[in-house]
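From first to last, the protein sequence lines are chains A and B. Heads up: the first sequence runs through residues 0 to 250, numbered per numbering that gives the first Met the number 0. Heads up: the second sequence runs through residues 0 to 331, numbered per numbering that gives the first Met the number 0.
Calculated directly from the structure, the hints in this document are not laboratory data. Be a bit skeptical, because a hint or two may be false.
[Claimed, not checked] Not the full set, but computed from the structure, chain A residues with beta-carbon under 7 Å of chain B:
1. T57
2. S58
3. T88
4. F91
5. Y111
6. R115
7. D132
Glycine included, C-beta positions come from ideal geometry on N, C-alpha and C.
Listed here are the chains, written in short residue letters.
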Amino acid sequence: MSGELLRAEGIGKHFGGFVALEGITVSFAAGQLTSIIGPNGAGKSTFFNILSGALTPTSGKLHFRGRELNGLPQHRFVHQGISRSYQITNIFPDLSVHENVRVAAQALTVSYDIWRNRARLTELNARADVALDAVGLLGRRAELAKFLSHGQQRALEIAIALVSEPELLLLDEPTAGMGPEETKDMVALLERLAEKRTVLLVEHKMKMVLGLSKRVVVLHHGRLLADGAPDEIRSNPEVRRVYLGQSEGYG
Amino acid sequence: MTSPSGGEAVAKSTSSGLGRLLDQRVLLSIAVLAVLPWLLPSQALAVNVLIYGVVVMGYNLLFGYTGLLSFGQAAFFGAGAYFTGIAIGRYGVPWFAAVPIAVLLSTGLAAAIGIVSTRTRGIYFSMVTLALAQLVYYVALQASSFTGGENGLRGFTVDRVSLFGLSVNFLDPVNKYYVLMAFAALAMWFQSRILNSPFGAVIEAIRENEQRARACGYDVERSKLIVFMLSGAISSLGGCMLALHLSIVPLDILHYQTSGMIVMMVLLGGARSFFGPFVGAAAFLILEDVISVWTPHWQLFVGAIFVLFVLFLPKGIWGTLLDTLGVGKARP
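If we strip away everything but chain B, and leave its shape as in the complex, we get (with noise of 0.2 Å):
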């Protein structure tokens, strides 16, 4: 392991200085997000970003760079946040042992699906991950001894942070939103190692052509497994971000709405970009924020503001403005 690939993601760096500026993607997000709680309306929006950002970004994996599209990814995102809460809550972790505890059996759980939906393809595929997840779901509901049912996940709380001799009153706002923010840098540098990676090419040879990737020599299946548990894993984090968030764990955020949320944020944000999930999040959250307050029926400008980028800003918010300033087409 050497140092945050954003000092040395010079796979493939544009001439421009802008294109180079942007090679340091890791650090450059890192900043946006620092001073993103003053530049949107709220505190409480700017959270929100930061955790709908790092599941989007965990699925852009599957679904941007791979081309995988899974309607399932909310499993990965409930399951973060219930076993972050269960552990807590019942068992008496303490926080930071309760985040890596809980990425790893989401990563578990991403596997189990994960065998059983990759030997399909296409729509098979998304059907199968759409049914999983709402099996999880179905648990989850069902299993309200442990999770709290219908009711969501309560009775536990981190109220102050203490790591290496430092301690941290969470329940101020501000230290909330940077420490949350430090998971946050931790995904994205992640997700960097994995894009700048050789595996970060083989998942983009299989979206671009699987039968030829499968004759250079690779074994799709298995790629496309890993890549599944990769996926759930930093989405699983941004789950165990929530929970720590809200002290509590509400069901629906294992609902397939979740998932087809996900799947809309990316697209808005724009699949296939680095910090195109957050400009994603931050976008559909706005909507939601903004048109709310008008009108009960949001969903139905959301939709329509969604069907609308589909037609013709296929690449998403990020993706074009990329584009347009001519430094996002060689990129992984």
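Same shape as in the complex, but just chain A (with noise of 0.2 Å):
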């Protein structure tokens, strides 16, 4: 895969008088994982939401595959191929594990069908399996998902996100919260994810993110600081001023 999969022109998002997002120009390529990276406030979830159809931009434009994402409902950017999960986990919490998958599924081929029986859409059942086994919860698929540990219900929400079968994979601080042990499990499943498809993160933890990614773009007060391989933001003044000053080792 290459070439480019995503294009952001000039995105602005002013809440009021907050400048939240200004002058943003970044375009992703096809199968990498890139991560966002920036300080408090620098604008990441808000450009994480307007990537994803939760906000829509002031100004600018967004390219997906050559399409032009602006005027798009938030509900069908999962149907474009650009699927994500959340910073604070965001799943159902009263439905079985293996049903919040087969739901996000479903999503995708039958909505408002009243006359089926759901049990019998047996290839929704087993995409929702393979995406429960990718992220390793395959074994706790009849539980309530509100009985998952913390991490396990952070694995469940990229099982939601990923059983789309997106393009673009938008994970947002998929470790935040977790300890030292699960980290180390989410890392390696986003090893395997991003080998697979490109995968956009937002994240805090900056070893982890230098490490696991081959393309780094920093934000700060809502613009673009820095952009490029993990070796060239270590070494650029302006991100170590604002950013990995602060705590070489932050996370």
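Relying on the hints, combine the two individually framed chains into one complex.
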């Protein structure tokens, strides 16, 4: 896989008088893992929400596979091939682990059918199990999602995003609130995912980001500060000043 | 379309024998309703349980399964009854045509109210449904040449029901009960079908996490509108049954107190359970029956019991019973 998958042109977002993002122009090639980093309030989450359709940009254009995404309602983004996970665990707590993923898979094929029996949509069941297997949760498929540990809920969250077979997977701090052991498992999972698809990652843990990504995009005060390979970012004086300098081993 | 879902409701069959038995929920529910007139103190009570059970079941689709707290379900209950009565009394439509016509018109009303109300959320949704349902009440009150106004709708009586060459004396209470039970069975089959369908999964996902459902690719607003219409359609069938049963339509059934009663019934019986609405309707009507013999202030006692339920048995009678037996957890 190669070539441009997603291009943002001069993306800006204002909330009233507050400028959250301004003039972000960046493009992402297919088939690599890119991280977006920046101090708190840098605009990472806002940028992510725009990329996944949850927010409409005040200015600028989004192109995905050559198609303009502006004006598309949020629920259509998955159908285009962009799927996301959330910073705060965002699952269906009172449904079984399997149903969490199955219902996500179903969104792409049948939504309003009231006549068929959903248990007979065996292809969806199988796809849900494949996604659960990929994140290591197949053994807990019958449990209610709310009874999973925090780390497992994060993994389930990724399975929900993964089951739509997205071309672009947006992961918002997948290791948020995780201990070292869980983080290690998650990093291994992210490495496996990045082998096959384009992944965009928002992360706080610098060591992890620099080790994992092929490319790092740095945001600061809503603007693009730096963009390059991990080594370039590490040695970029601007980045060191605003971010790394605070603590080299952040996280 | 395949056979009624009783035979195939194996979406999440539990391993125990009891669980497998409960997978036949439509057939089981019909079996219980079939003997209901002999279990309850009076035939009249049994008919009311049947009617309100259907109304509350439709409401459960909206409230229990989708998580939308509407305070206006009486509008569809009433619409079903009024449309049936008007079709028969004013236009001489035979009963078997009047019922589907009434359900269709009521579904149209649900679409109109749903388009406005499903754009709002939380308490605003509850208030908008309440206000629009009251609007329907006042329309029925004012348009007295059509609806009979305050006196209710009169002048239509179905004394014989005949279909496919079979003719039944509808004035006989036992016959009447079983004819109405056929409507209830149809409603239960339809509801079970919806719950087992892919769309049934969508509404549960919306209840669990609306934001996530949208991110998964579901058009949440459109899904809410569809479920609002389906819920209204089922509840309106209960209204048709009431009209056939009473041969009058009292204006009161459109009032918001009826909507409140529907909410109480579903909570008493157990929201999110298939048979809970019938249990809730029975519990409420029996309480009303028993306590109103002792005191005219029966609502005070029913209210107190209701508060105790909300505090200590949030899953209602039937939901708690299923949980206790260990079969209620994974069922749609």
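Here's how the hints hold up against the structure:
1. T57: Violated, about 21 Å.
2. S58: With Cβ-Cβ at 24 Å, over 7 Å, it is violated.
3. T88: Violated: closest Cβ of chain B sits about 10 Å from T88 (chain A), beyond 7 Å.
4. F91: Given a least distance of 4 Å, the restraint on F91 (chain A) holds.
5. Y111: holds, 6 Å
6. R115: holds, 6 Å
7. D132: violated, 19 Å
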